[in-house]
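K.L.:
Residue numbers (our numbering), protein chains in the order written: chain B, 17 to 328; chain D, 17 to 328; chain A, 324 to 584; chain C, 324 to 584.
Just so you know, the hints here were simulated from the structure itself, not pulled from any lab data.
Computed from a prediction, not measured in an experiment: that's the story for all the values here.
Quick reminder that beta carbons are idealized off the backbone N, C-alpha and C, glycines included.
Please note: incorrect hints may appear among the correct ones.
Label-pair distances were calculated between CB atoms; the ranges are [said to hold, decoys possible]: (1) C/535 <-> D/319: 36 to 44 Å; (2) C/564 <-> B/176: 34 to 42 Å; (3) D/320 <-> B/19: 55 to 63 Å.
In silico DSSO-like cross-links for lysine-lysine, where the CA-CA straight-line distance does not exceed 27 Å [claimed, not checked]: (4) B/108 <-> C/571; (5) B/222 <-> D/300; (6) D/300 <-> B/317; (7) B/93 <-> C/396; (8) B/224 <-> C/396; (9) A/453 <-> D/93.
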Amino acid sequence: MTKNLKLDVKIGSLHMKNPVMPASGAFGFEMASLFDFNELGALVPKSITKYPRGGNDTPRVCEVTGGMINSIGIQSKGLPYYMEHIIPEYAKYDVPLIASISADSIEEFAEMSEIIGKDPAVSAIELNISCPNLEGDGKAFGMDGDLSFELIQKVKGVTDQPLIAKLTPNVTSIQEIAIACEEAGADGLNVANTILAMAIDIHTRKPKIGNVMGGISGPAIKPIIVRMIHQVRNVSTLPIIGCGGIMNSDDAIEMILAGASAVQVGTANFINPLSMIEVLEGIKEYMVEYNISDINNLVGKVNIPSSTTTLY
Amino acid sequence: MTKNLKLDVKIGSLHMKNPVMPASGAFGFEMASLFDFNELGALVPKSITKYPRGGNDTPRVCEVTGGMINSIGIQSKGLPYYMEHIIPEYAKYDVPLIASISADSIEEFAEMSEIIGKDPAVSAIELNISCPNLEGDGKAFGMDGDLSFELIQKVKGVTDQPLIAKLTPNVTSIQEIAIACEEAGADGLNVANTILAMAIDIHTRKPKIGNVMGGISGPAIKPIIVRMIHQVRNVSTLPIIGCGGIMNSDDAIEMILAGASAVQVGTANFINPLSMIEVLEGIKEYMVEYNISDINNLVGKVNIPSSTTTLY
Amino acid sequence: MKAYPLEVLSNVQVSERYWHMKVDSTIIDESITAGQFFNIKCGEGELPFLRRPFSIYRINREEKTIEFLYLVKGSGTVQMTKFVPGENIDVFGPLGVGFSLKEEWDSILLLARGVGIATLAALAQEAAEKNVKCVAILSARSNNDLLAAETLQGFGATVVKVTEEDGTSNVENVQRLVNQLFEEHDIKAAFTCGSMRLSRLMQRSAEKRGIPGQIALEEHMGCAVGVCYACVCDVRGPHGINSVRVCKEGPVFDLEKVVLT
Amino acid sequence: MKAYPLEVLSNVQVSERYWHMKVDSTIIDESITAGQFFNIKCGEGELPFLRRPFSIYRINREEKTIEFLYLVKGSGTVQMTKFVPGENIDVFGPLGVGFSLKEEWDSILLLARGVGIATLAALAQEAAEKNVKCVAILSARSNNDLLAAETLQGFGATVVKVTEEDGTSNVENVQRLVNQLFEEHDIKAAFTCGSMRLSRLMQRSAEKRGIPGQIALEEHMGCAVGVCYACVCDVRGPHGINSVRVCKEGPVFDLEKVVLT
Ligand SMILES: Cc1cc2nc3c(=O)[nH]c(=O)nc-3n(C[C@H](O)[C@H](O)[C@H](O)COP(=O)(O)OP(=O)(O)OC[C@H]3O[C@@H](n4cnc5c(N)ncnc54)[C@H](O)[C@@H]3O)c2cc1C
Ligand SMILES: Cc1cc2nc3c(=O)[nH]c(=O)nc-3n(C[C@H](O)[C@H](O)[C@H](O)COP(=O)(O)OP(=O)(O)OC[C@H]3O[C@@H](n4cnc5c(N)ncnc54)[C@H](O)[C@@H]3O)c2cc1C
Ligand SMILES: Cc1cc2nc3c(=O)[nH]c(=O)nc-3n(C[C@H](O)[C@H](O)[C@H](O)COP(=O)(O)O)c2cc1C
Ligand SMILES: Cc1cc2nc3c(=O)[nH]c(=O)nc-3n(C[C@H](O)[C@H](O)[C@H](O)COP(=O)(O)O)c2cc1C
Ligand code: FES
Ligand code: FES
């Protein structure tokens with residue numbers, strides 16, 4: 017029965033055989049012995065920066081209710097190492113590779129995208145626009161509609177790769193940013209990165225994260241992300257990748273019903289290394305149970321009562 | 017020993033004998049038989065609207081990891097009933113009463129504040145600027161710095177009561193809103209209201225909340241609120257009331273260390289009706305343990321390592 | 324009402340989906356009436372986050388115990404099955420307004436569906452204590468779910484069972500039974516709980532005959548004490564329809580006044 | 324490495340703050356070495372959220388069991404005390420790089436503090452199996468915390484205990500002991516775990532004598548497999564200081580290379 021399920025989804029010219037993939041920064045080839053990467057819809061390595069970076073002070077993670085805070089600081093070996101050693105490692109698999117890029121300026125995003133985009137092993141680029149704009153006021157690019165527009169448009173001009181904008185949830189209106197990215201030519205939207213958070217050890221009175229603040233991930237943020245997916249779906253026709261707090265297939269299906277065409281699993285991998293495989297299996301079972309032959313027929317199919325006020 | 021602890025805090029001319037009070041909407045005189053209201057720093061009834069309101073469709077609450085979503089819709093009996101029946105009920109206690117106001121327009125906020133402000137039983141007004149601006153685009157007043165400024169300034173002109181602006185956390189920069197409120201003459205800032213969220217029942221495919229979206233409260237949001245308190249503390253000298261996810265005294269102390277002068281306890285009351293009393297006791301024990309004689313000496317005393325980058 | 328630490332005396336599975344729990348209520352010095360409920364903390368830690376509301380299934384005033392009958396549904400009730408005898412659990416209540424049996428009601432009809440039976444069982448017990456004749460139609464998916472029937476019979480109630488399993492639980496058949504029992508037993512008041520469909524049926528049938536009645540409602544709850552307005556329902560009042568709180572003005576309401584949707 | 328469901332054989336409190344757990348490791352068909360660790364899921368539900376890393380305390384290859392010694396610290400370890408014999412727990416590993424005893428190291432000195440003793444115990448066991456002479460200085464708050472001393476003695480190790488209780492655990496005294504034992508036992512390699520202060524002392528002392536060594540580090544972890552870069556520390560490499568992962572390149576590192584802060 018599961019044989020006839022249509023699970024494949026598209027983001028621009030990126031074609032994935034199923035909607036389940038890892039979230040950047042919570043996946044790597046060190047996991048290759050745990051399950052078969054060929055089962056996934058796509059592979060998404062940790063975000064790469066142009067130059068090598070050392071990352072932030074430890075502790076870089078701490079546990080909070082229903083999740084964790086991380087502030088790794090995008091420790092990276094730089095673009096040349098990435099092109100030479102990391103991409104080839106993933107190219108071994110028969111699954112599209114989505115390269116995630118972090119940069120300090122729009123020019124750097126464009127420059128890196130151009131280089132990475134030329135690698136035939138790469139099938140799409142995810143632009144981590146949640147990282148701070150070091151030439152501007154230090155706020156993330158994705159906190160500003162105009163900057164997001166400019167960034168995507170610039171990158172669009174230098175590469176033909178499908179572009180996924182990874183939005184930050186730390187905004188007043190995720191719709192506004194989504195629209196800006198769509199208008200600038202993005203092929204898909206990742207909703208979303210982590211939510212900025214902080215925890216303090218009341219006995220040492222020190223922040224629990226070396227870098228004081230970090231991003232919260234895990235089930236605690238899922239209801240906020242589901243809301244944002246639904247909001248973005250209402251204003252944009254772009255395929256959405258839902259990301260934030262998925263622990264099991266029910267969570268993934270919830271995001272698909274809210275409007276996501278695909279999902280990324282991050283923190284759950286740390287707790288159950290087989291999370292992604294189980295999410296995929298669970299989606300199939302749900303489709304069989306409810307007689308859904310094509311996953312795309314579930315996307316955005318939440319039943320909104322007509323009487324609902326649009327103000328919250 | 018706890019006898020000599022100085023626990024009293026001030027917000028403008030509002031003087032509270034201790035920093036622990038309820039959060040609006042999660043408290044009422046139906047709880048009077050559970051503990052002695054006179055133990056609290058202040059009493060905060062549910063937000064009142066000018067006209068009676070029926071509230072939203074049920075279900076109005078649902079459970080999520082580490083919290084709950086609510087969308088009550090501010091069910092209210094209107095201002096005249098409030099003045100005649102609700103305020104006198106709270107006036108019986110020897111504790112300052114903070115009246116929480118929700119309104120659809122700036123004029124309505126001013127009109128209501130003027131009326132409520134004249135009642136001698138009221139000691140301060142909390143302006144719930146997280147509610148939507150029905151004359152504008154439907155976004156909350158507190159999502160826009162200019163509107164927040166205008167709102168507070170208008171209200172400041174019609175009453176001498178200390179004004180507390182209850183901020184919404186659904187913003188790109190809570191600092192910007194905090195500064196606007198301070199410049200407009202607010203006496204204190206409540207950080208913060210609930211975070212907009214959504215949950216879907218994957219079997220019925222219906223939203224778990226009748227009104228589709230609602231606000232998430234409870235420990236899941238605490239790390240986000242702690243971060244915002246810290247951010248606001250860095251840009252404003254106004255006393256902050258920390259609110260969001262406090263379940264016990266450790267959580268309250270964490271917020272105080274982040275920069276809160278007082279705290280509000282909401283959802284925790286639903287799980288443990290003695291939460292507020294236990295939070296207060298726990299704060300006292302902590303002060304004794306660490307030899308803190310005046311609670312004000314703890315406010316904002318998180319130890320930030322000097323090497324920290326200011327970009328997150 | 325208060326959050327009482329109550330000792331679990333027993334907590335056992337009584338059928339495929341139902342569990343029965345008895346707790347020591349000695350320390351509760353308030354009166355408890357049928358139809359009231361308790362809000363139970365189902366786990367020691369943070370999970371599940373909210374308490375869960377449960378009606379009182381039996382009140383044993385002499386031995387100072389109370390009993391609950393619960394359906395295992397989601398995270399909260401799954402946790403509850405882990406309560407072990409000897410353990411103290413955190414039980415908040417008694418909450419809300421229960422049933423009230425008027426003097427003149429010497430013969431009553433109960434119509435309960437599923438776990439609604441748990442709620443009406445306490446009423447049957449009270450009826451027995453007051454020598455009120457009690458007739459009950461109990462509806463469920465399967466006979467296995469109808470274990471509480473014996474409890475009601477133990478109280479001297481006349482019990483009619485209908486189930487999907489037997490094909491007897493359809494609205495037409497229940498309507499026929501209601502009509503028949505109203506006549507046969509000269510019913511003075513009607514009570515219902517557990518199904519919107521059956522409640523509407525009972526409301527219409529009682530109205531037609533001018534028979535008064537009461538209904539116990541369920542709604543998702545926040546505070547369970549009346550402060551948060553999470554649990555509202557509509558009832559007809561002298562000045563039109565009012566939104567009232569199931570946890571405070573209810574969970575038991577006059578059958579004729581409730582707006583059933 | 325893999326997430327194995329392992330049966331708990333015993334889980335008992337062995338002193339005021341320490342617990343000892345033995346699990347059946349029959350299904351693990353990979354090799355496990357002293358110094359490696361497992362990342363344990365401490366509760367069945369969502370709490371605590373993350374797994375918790377624990378070194379192997381003892382490896383019993385014949386009976387196919389492994390043992391952990393753990394300090395009850397916060398939510399995770401409190402949950403672990405609730406594991407009961409017969410229960411299957413979710414144990415992910417073996418992870419990281421363990422100790423390696425070189426052929427020529429016929430006499431080694433261990434310096435462990437607190438729960439670091441658990442980590443070095445497995446090394447003492449391996450030393451015993453390889454007929455390597457093993458001398459250990461164990462430091463703790465109180466004698467009560469030094470229960471593992473007997474385990475080490477059982478492996479034939481010479482054990483010196485120092486505690487706050489006895490006033491013997493100060494740096495000066497430990498330094499004196501280290502110097503003395505280095506001489507007395509013609510130590511060829513030095514190992515340490517559990518205290519930054521003592522690790523620095525050991526690093527300096529070994530360096531002065533040109534003695535090699537290894538150190539087991541702890542750091543807060545996310546993935547525990549090397550993908551997230553949560554657990555980094557600095558080590559000196561041929562081209563300067565490198566940031567490496569405690570979970571992947573460690574937790575055991577060459578003593579002389581680690582940058583201790
Ligand atoms: C006044 C009252 C009396 C009740 N008496 C009984 C009883 O005697 N026996 C019994 O088995 N059940 C009773 N219920 C229903 C019972 O409260 C729910 O079945 C239970 O809360 C389900 O929790 P869960 O975690 O197992 O299920 P989930 O479905 O996982 O619960 C998720 C959330 O929804 C809420 N919820 C789900 N179903 C209901 C419901 N029907 N009513 C209110 N909230 C709900 C839960 O409280 C929880 O917050 C009563 C409900 C009310 C309001
Ligand atoms: C490689 C390695 C081996 C270890 N071996 C042992 C051992 O054999 N016996 C033993 O008792 N302890 C050992 N520890 C420490 C043990 O992991 C912590 O004591 C435990 O995680 C505390 O969890 P908790 O929930 O009880 O405490 P909490 O303080 O509540 O934990 C909160 C969070 O901080 C993390 N954390 C707290 N302390 C540490 C720590 N020292 N190292 C890493 N993360 C920490 C927890 O994992 C958790 O995520 C080891 C740690 C590492 C990294
Ligand atoms: C340890 C860690 C490292 C991360 N690193 C990156 C990163 O390099 N680039 C990025 O775009 N997102 C990064 N993220 C965010 C995740 O990709 C994902 O958006 C977030 O964790 C929410 O999903 P989750 O709740 O499933 O983990 C990281 C998350 C974690 C926990
Ligand atoms: C059921 C419910 C009703 C609420 N009603 C109001 C309200 O009327 N006005 C208001 O300003 N905040 C309201 N809030 C928000 C709380 O005051 C508080 O800001 C929020 O719940 C976060 O705190 P907590 O996590 O301690 O609950 C409500 C919250 C809940 C859970
Ligand atoms: S549950 Fe709060 S008013 Fe009923
Ligand atoms: S914990 Fe993730 S790299 Fe070590």
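K.L.:
Decide if the proposed pair is consistent with the structure: residue 93 of chain B and residue 396 of chain C, CA atoms, cutoff 27 Å inclusive.
P.N.:
36 Å, violated
K.L.:
Take a quick look at whether residue 224 of chain B and residue 396 of chain C sit within 27 Å of each other, Cα to Cα.
P.N.:
16 Å, holds
K.L.:
Given the hinted pair residue 222 of chain B and residue 300 of chain D, is their alpha-carbon gap at most 27 Å?
P.N.:
20 Å, holds
K.L.:
Assuming the hint says 36 to 44 Å, is it satisfied by the Cβ distance from residue 535 of chain C to residue 319 of chain D or not?
P.N.:
Given about 38 Å between the Cβ atoms, the range holds.
K.L.:
Does the structure keep residue 453 of chain A and residue 93 of chain D at a Cα separation of 27 Å or less?
P.N.:
40 Å, violated
K.L.:
Do the alpha carbons of residue 108 of chain B and residue 571 of chain C lie within 27 Å of each other, as the hint requires?
P.N.:
22 Å, holds
K.L.:
Does the Cβ-Cβ separation between residue 320 of chain D and residue 19 of chain B fall within 55 to 63 Å?
P.N.:
57 Å, holds
K.L.:
Quickly compare the C-alpha distance for residue 300 of chain D and residue 317 of chain B to 27 Å and report which way the hint goes.
P.N.:
Distance of about 51 Å is beyond 27 Å: violated.
K.L.:
I want to verify a distance hint. Is the separation of the beta carbons of residue 564 of chain C and residue 176 of chain B within 34 to 42 Å?
P.N.:
41 Å, holds
When the structure is compared with the earlier hints, violations turn up for hints 6, 7 and 9 and for no others.
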